[in-house]
Structure formats: C-alpha cells, structure tokens
Amino acid sequence: MNRKIYSFVLAVLTFGGLLTISCSESEELMFDLEKPGVYFYKLAGNEYLDSLNYSFVVYPESVVNDTLEEELRVRVMGTAADFDREINLVVEDSSTAVKGTHFDLPNSIVMPADAYEVYIPLYLYRTEDLKESEKKIYFTLKSSEYFNVGYNDNLQHIVTVTDQLTRPSDWAGGLTDAFYGAYSKRKHEFMVQTLGTVSITMGTGSSISEMMSFQQKMLVALSEYEAENGPMLDENGNRVSFPS
4 MNRKIYSFVL AVLTFGGLLT ISCSESEELM FDLEKPGVYF YKLAGNEYLD SLNYSFVVYP
64 ESVVNDTLEE ELRVRVMGTA ADFDREINLV VEDSSTAVKG THFDLPNSIV MPADAYEVYI
124 PLYLYRTEDL KESEKKIYFT LKSSEYFNVG YNDNLQHIVT VTDQLTRPSD WAGGLTDAFY
184 GAYSKRKHEF MVQTLGTVSI TMGTGSSISE MMSFQQKMLV ALSEYEAENG PMLDENGNRV
244 SFPS
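With positions in the sequence shown counted from 1, the corresponding number in my numbering is that position plus 3.
Using 25 Å as the maximum straight-line C-alpha spacing, the simulated PhoX-like pairs for lysine-lysine come out as follows:
1. 139 <-> 45
2. 134 <-> 188
3. 188 <-> 220
Quick caveat, the hints were computed from the structure, so don't treat them as lab data.
Model the full assembly from the supplied sequences, consistent with the hints where possible.
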C-alpha cells in the first residue's frame, strides 16, 4: 500500500514539475511576443542580401547626390499598430562614412501606422575623398520602446560608397579588347556612365553575351555623342572608338 502511495505521489510531483516548466516556457514565449520584432528584409532569388556596393562613378560629374529609396527595407515580426512606432536604427561607430558628410537619414525613422514594412530613404553625397577611397556604413537594428529585434541574421545592413574607377584586370588585351578596343580611362568612364554599371568585363561580373550587347550600345552612344560634340578624345589625346 505504501509503495502504491509513493508511486502516486512521485507521479503527481513529476507531472507538476512538467506542468510548471510548460507554463514557464509559455509565459516566456508570451513575454517575447509582447512587442513585435523588426528586421532588415531584402530578397534576391533565394538569398538574403545584407550589403550594397554603391559607386557614383556610373553617373556624370554633375550628379552630386543620390537617394536610395528601397535599400533599407525593414519588416515587422508581429502585428501592425494604429499609430507610428519608432524604429531604433543605429549607425555603428565602426562606420568609416560620416553622417552629414557622406550620407544622411530622415530625422524621424518610424514604422507607419497600419504598416508591416517600411523603406527608409538613404541619402548619399558625392565627396572628393570618395575618388580616392571607399566609405562603409554599418546599420544595425536594435530594440526600442515599441519593438524587439527580429531574426539575428537580419539585423545588420552594410552600404559601401565610393567614386573610384579602377581599370579591370582583364582589360589588357585579349577578349575584352576584341569587344571594346584599347583601354583608356575616358572610354571606361563613358562606358560605365552610359551603361549604368561597373560590371562591363568578365572579370568584373559580365558575361560574353552582355559584353556583345554592351559593344553595340556603346557604338550607338558614341555615334550620338560625336554627332553633338565632335570626336571624343581620351586622356592621351587619342580618339575614343569601339570595334564594329
């Protein structure tokens, strides 16, 4: 009889312990969900992109600033609210770009009422030092009055800004010369400004089919330039041309 009572008491204690643990976990989970979380969201194919390399070199010298409207995309884990909620977006001290000099953000960074995501504009400025260097901005989402942080892998976003133009290592004879002719800095500048990309050779990320397309586009662009301005001369006084 005593043995049965002992077994019964042990079973009750075990069940009670499990129930206590279960309740504690539920309470902890409910506590975690008291405030929604926020995280950076950027999807390309099946991969999350947490960085951007930006170069002013693809634009004419007259362009002295740019606004990235959709680079900093923040989403909510949880529910929307019927009022604006502050987002704690921090620029880390490890950043080499200077706020107010190389970039700026809106004065107020909030998740709008009834919204589940927001795009935070990033204002970039073209400064002289970007011609000789690149500057990095490390953005981190942190908890605020209204939000916890969301997915750990999606709390930081890095933007690198520069205004440099470096000669592609594979534009020194061979296949690239067959498409674009001999290298010159003026030709290179004209290409990236016309095409809107620095990926113009296989070594910089272009494919052969893209290079073929780029060649034809540059022939048209150069013809239009010369019709309006006369021959384009490079830094060595040579006329810029492309193989046809």
